[in-house]
Structures are given as C-alpha cells and as structure tokens.
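Participant: In the order they appear, the protein sequences are chains A and B.
Per the working numbering: the first sequence ends with 290, consecutive numbering throughout.
Per the working numbering: the second sequence ends with 663, consecutive numbering throughout.
Think of the hints as simulated: they come from the structure by calculation, not from any bench.
Among the clues, some could well be false.
Computed list of chain A residues with no C-beta within reach of chain B, every gap over 12 Å [as the list claims (entries may be wrong)]:
1. Ala-129
2. Leu-207
3. Tyr-230
4. Phe-231
To give a feel for the contact side, a few chain B residues facing chain A, derived at Cβ under 7 Å [said to hold, decoys possible]:
5. Gly-370
6. Gly-371
7. Val-372
8. Val-375
9. Val-397
10. Ser-398
11. Gly-402
12. Ala-403
13. Phe-443
14. Thr-450
15. Val-464
16. Gly-465
17. Asp-467
18. Glu-477
19. Gly-648
For each residue, glycine too, the CB sits at the ideal point set by N, CA and C.
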Amino acid sequence: MTGRDDLEPGNRQIGAAPALGVEIPLTSSRPATARRLAAVYTPAVVAFAAVILLWEGTTRLLDVETFLLPKPSEIITSFVDTWSTVWEFGFRTLWEAFGGFVIGVVAAVATSFAAVRWVRFREGMLPIAIAMNSMPIVALAPIFNNWFGSTNVLAKMSVAAVVVYFPVMINTTRGLLEVDPGELELMRSVAAGPTETMRRVRIPHALPFFFASLKVASALSLIAAIIAEYFGGPQNVLGQYIINRANLFQFPDAWAAILVASLLGIAFYVLILVMERLAMPWHVSFRETE
Amino acid sequence: MKPTGWRRALIMVAALALVLTACGDDGGSGGTVEGGECETIDDVRLQLQWFAQSQFAGYYVAKDLGFYEDQCLNVEILEGGVDIVPQQVLATGGAEFGLAWVPKALVSREGGADIVNIAQVFERSGTLEVSWADSGIETPEDWAGKKVGNWGFGNEFELTAAINRFGVENVELVGQDFTMNDLLNDEIDAAEAMIYNEYAQVLEAVNPETGELYQPEDLAVIDFNEVGTAMLQDAVWVNADWINEEGNEDIAVRFLTASFQGWIHCLDNFDECVSVVLDNGSTLGQSHQEWQLNEILALIFPASNGIGVMNGDLWDQSVDVATAEIQELQGVEISDDVYRTDLAEEAIDNLSDLDTDGDGYERRDIELQEGGN
C-alpha cells in the first residue's frame, strides 16, 4: 500500500532497522569477478557500439553533409584535435553547474526542513516553488547576467540553482513527510520529540527521494549552465564554444563539445551514485538481483 | 430574409470580384502584375543578417517602391536575428539570396556550405571596438589584461586578427549581448560596436553624470580599417547549386538590378528611405535609422567599380587577413571562384543612367535622440 517493499511481511525488520539504530547489511558479499562484471556491462557496450557503427555507416553510405550530421569519426577527430580546449572549457562550465547545484540543494533542503516543521510555511512555500519551477531558463539567464554582471560566475550559478531548487525541494519534502504513520506512532510511544523523529525516521526515509532528485538535478544544473552561457559572458566556456562553432558551420567541433558535456554529466551522476551508496548502504536498491 | 434573385446575383458577383482581385494582388507565380508585361513572376527570398533596419534600406526600398516588381520578382524579405545564420539558411535552401560578411561566409564554406558571392555591396568595414575615453585604451596593445567584448558568431574575426597580429597578451574575450549594456555598466573594458548601430546606441543613452546624452568625446574608438585587420562585410551570397540551375542567373541579375536601384535611390531620397525602413518595423526609431542610413551609405559609396562589383584588391586584402589570422582558414587556398562580378556588372549596365558609383556621397550631420527615437 505504501509501495515500500522493505515494509512487506518478511522484510519488515529491515525498514525498522535504521530507526532503531541497527544496520543490517543486505548485499551479499560475493566477489565481483571479471566474468560477472562482463555479464553485467556487455549488453550496454554492445548496444553503444552498434549505435556508433550504424551512425558511421549511414552517414557514409548516404553521403550526409557534415553540417547536417557529422560522422562519429569526424567528431572523434575534432575531439582529439581540440582536446585541451574542450576540457578546459568543460571544467569551467562544470564548476558553474556544480556551484549552482550546491546552492540550489542547500536552499532546497533548508526550506524542506522548514516545510516539514511548520505547516503554514509549507502551504505558503509551495506556490512560490511551483512558480520558480515554471520560469524558463532562457528568461532567467539574461536577467541574472544583468544583476550579477555577465562576467561574474555567480550569474550562471544562479540559473543552475533556480533550476535545481524545485525538484530537490519537492522530493525531499515528500520523503520527509510521507512516512508510515505506524513509525510515527512508534516514535510517539517512546516519547521521541520532533527532532528525534526527524533524525531516526524522517531523514532515513527521505534519503532515497533526496538522492533520486539529486540525480535529476545534476543533469539539469549542467544544462542550465550551458544555456545560461549562451547569453553572454566569458567565451572560454562550453556554451559559448558550442554556439560559436555551430554558427560557423564547424559542426564536428560543436559535437565534440557536446560529447564533453555528456561525459561530464555522466561523471557528475556517478558522483551522486557514490554518495548515495555511502549514505544508504542498507537501501533496497543496492540489493543485488539474483 | 434571404436575398433573392438579382440581389443574390449581385452579392455573388461582388464576392467573386473580391476574390479575384485578392488573387491578382497576390502576385504568385503565374500571376500578372498590374500594368506590367511580365510573363511570369519569380518568387525569391532574401535572408537578412539582422532585424529590419537601415542597414538593409536598399532592399526594403526596392520592394516598397516597386523596383522588384518592375523586374518581375516577388521578393520575400526574411528578417534575421540572434540565432539566424544566413549562410546556413542558404546552404539548406531556406532562401535564394542571403547577406553575410565575407570572413563568416569563408569559414562556413570550409564547413561545407557551398555559397558564392555575387555582389559585394559594402566596400568598407564598419566594425569598431569602443571603450570609455578615460580607460586609456587607444590601440590594440592596450587590450592586454582587459575584458574585451565581442559578439562571437564570426563577428569577432577582425578583433581576434588584431589581437594575433599585434601579439596582445592576456585578453579576456567576453561574449556580449547585442546591446551596449555591458560597456555602460563597466562590465567590460571594450565593446564591439558597428559604427552604424551599437556605437550610436551609446550616444543615445543618457550619461548619469551630466544628465545629457553621451558625446563622441566620451568614447575612445579603435577602427579596424585603421588597425589593418578589417575585412569585407555585407555581400549578397547564393547557393552554388541554385545559381547554376537554368534561369537562375537571370533571376539573380534582375534581383541585383532592383536592389542596387534601391540603394542608389537613397542617395538622393534620404528621408524617403528612412521612412520606408521605419514602415517595415525597425526596432529603433527615427533618429537612429537616420544615423544608420547615413553611415551605411558611406560604407557603400563611393563604390570603386560601381555598387556591388567586387574590387579585386579589397578581396585579396580580406583573404590575406582571413587566411593569416582565422584559425579555421589557416593554410586554406581560397580561390577567386568564391566571388563573381559578372552578374553585378550586368546589373550595373541595366542602371547605366543612374549614379552607380555614388562618388559625390557625403555624410550629413545627424542629431541623435535619447533611445534612438
């Protein structure tokens, strides 16, 4: 009914375990052999390789113009040729995204706690949060450029922060609030105050929701940073590089930069995964499927 | 009560007449123009580089005053914008004619856009790098360690060429938006500006210290023509495949004839031309469009070989700077086939009794109003 399978009969002790301070490791401790790793990752690698080959083959066969769709070989060539430039620009953009991500997450978590603690705050906050979520990035970027100055990194970070705020706030609030009433009763029955309840019940319950929202937010923050860069500011960043290359018909270069953006996005996502794993080793999603 | 008998017939005839005249004014291919002897009218599209403004007065005049019609052309003028790249529009068949700067077009050609220059309308470059007079920035070397703004998209080549040529170090290149706000807010030390547009936008802004408009003396200007890295700008380009199709060279000559006629008309009918531009929905107002037309005509006229006919020496100079200083063009052989003069020369011949050189053109004094109104 609650959709949490760690509360199903037979698993009940696992859900309750964090609240009582007992941690039961759920992952089996089989060693990760090379063969098992291969079995897990092979389908993905094969699919990826197939897509690349299909892309290269089709563009060669149909003699597609480079400015419509470059061949993967052209993109890789450009990627290698412009290696230092695209990575330098990429890390600068990543910094803007990460800074905005941190600001947005901190604001989201803070308001989330307040929303749980005070009902009035929650009711007042929600419309504002929804309004912020509806603001298009392309409208925010020139405004923040004006407020902070286009050469100030805060202008780009703010755009990322606004974009990150809503998903994290909404999901964290939900995670903190939608706790099984049974557990809340349990807390009340042992005379635990709101802080204890928060620490032992709400926060562990919210962690999966929180990390899920962080995964979404990581990609959003990078996208927001790149788009915000389109509107002006230092030109040694990914967004400016992409549009300038594209407008001069240098599409392999633009795609190489997009490739860097994707790789950085993946790295950011993996970082979140690692943090999640460290914070919630007990969680259902880390159990290995047989 | 429904109309009966002859009343109904009258209404039907009136409706039919309305529909027929509407169709007639449509001027679609196969239609005939009023009072003309055109067998067919050709539909073509012209892609501008920017929003409607005096920079394109000649084309708007040619359309509104019927010069294109006289050439049996129905020209749709497509306004440009921030993300509209005329070379791309041409390469993908979105227009028959497009306006673009030579270096941008050369780089696009390297990227696969097969386009040809059929008329070099502007003979001089209008690009400036503008700073405040008290900034001490007077030559390219003074950009060292400064924030130097530019618009990207290929508009920056004259600037980056100057930076390379003079070995200026530690320049922080900053992407500007298309206003002068970044300079007015001291966000950057130098801003890219066209003498006919953004430069005037500064002079149309109020200086908070004096309460009056900014004056030319408040600004220090670096002119790329003087620096030596200026390159040719507005030219009419066509898709190479299109121009090689049967009948399209003729269309091109007719298009150029009417377009040149439009520009020449502005030499003696300045105010009328400004009105035409304003009527076509320019963003900035009267005084700004007057300033702009004044400066634009100075970039076109005097025209060494007649308006639109490429001066080979100027082409060579632009190509020299481009291949030396633009990264994408280094080591590239640029053949003279990239431009042609035959079509423009034919157009000039069609206008032999008009002032195609504009030798006598002199700029007038324009008084700017706040906000360009």
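Participant: Would you mind marking each hint as holding or not holding in the structure?
Facilitator: Hints and how they fare:
{"no.": "1", "hint": "Ala-129", "in the structure": "holds (29 Å)"}
{"no.": "2", "hint": "Leu-207", "in the structure": "holds (40 Å)"}
{"no.": "3", "hint": "Tyr-230", "in the structure": "violated (8 Å)"}
{"no.": "4", "hint": "Phe-231", "in the structure": "violated (6 Å)"}
{"no.": "5", "hint": "Gly-370", "in the structure": "violated (12 Å)"}
{"no.": "6", "hint": "Gly-371", "in the structure": "violated (12 Å)"}
{"no.": "7", "hint": "Val-372", "in the structure": "violated (9 Å)"}
{"no.": "8", "hint": "Val-375", "in the structure": "holds (5 Å)"}
{"no.": "9", "hint": "Val-397", "in the structure": "holds (5 Å)"}
{"no.": "10", "hint": "Ser-398", "in the structure": "holds (4 Å)"}
{"no.": "11", "hint": "Gly-402", "in the structure": "holds (5 Å)"}
{"no.": "12", "hint": "Ala-403", "in the structure": "holds (5 Å)"}
{"no.": "13", "hint": "Phe-443", "in the structure": "holds (4 Å)"}
{"no.": "14", "hint": "Thr-450", "in the structure": "violated (10 Å)"}
{"no.": "15", "hint": "Val-464", "in the structure": "holds (5 Å)"}
{"no.": "16", "hint": "Gly-465", "in the structure": "holds (5 Å)"}
{"no.": "17", "hint": "Asp-467", "in the structure": "holds (5 Å)"}
{"no.": "18", "hint": "Glu-477", "in the structure": "holds (5 Å)"}
{"no.": "19", "hint": "Gly-648", "in the structure": "violated (32 Å)"}
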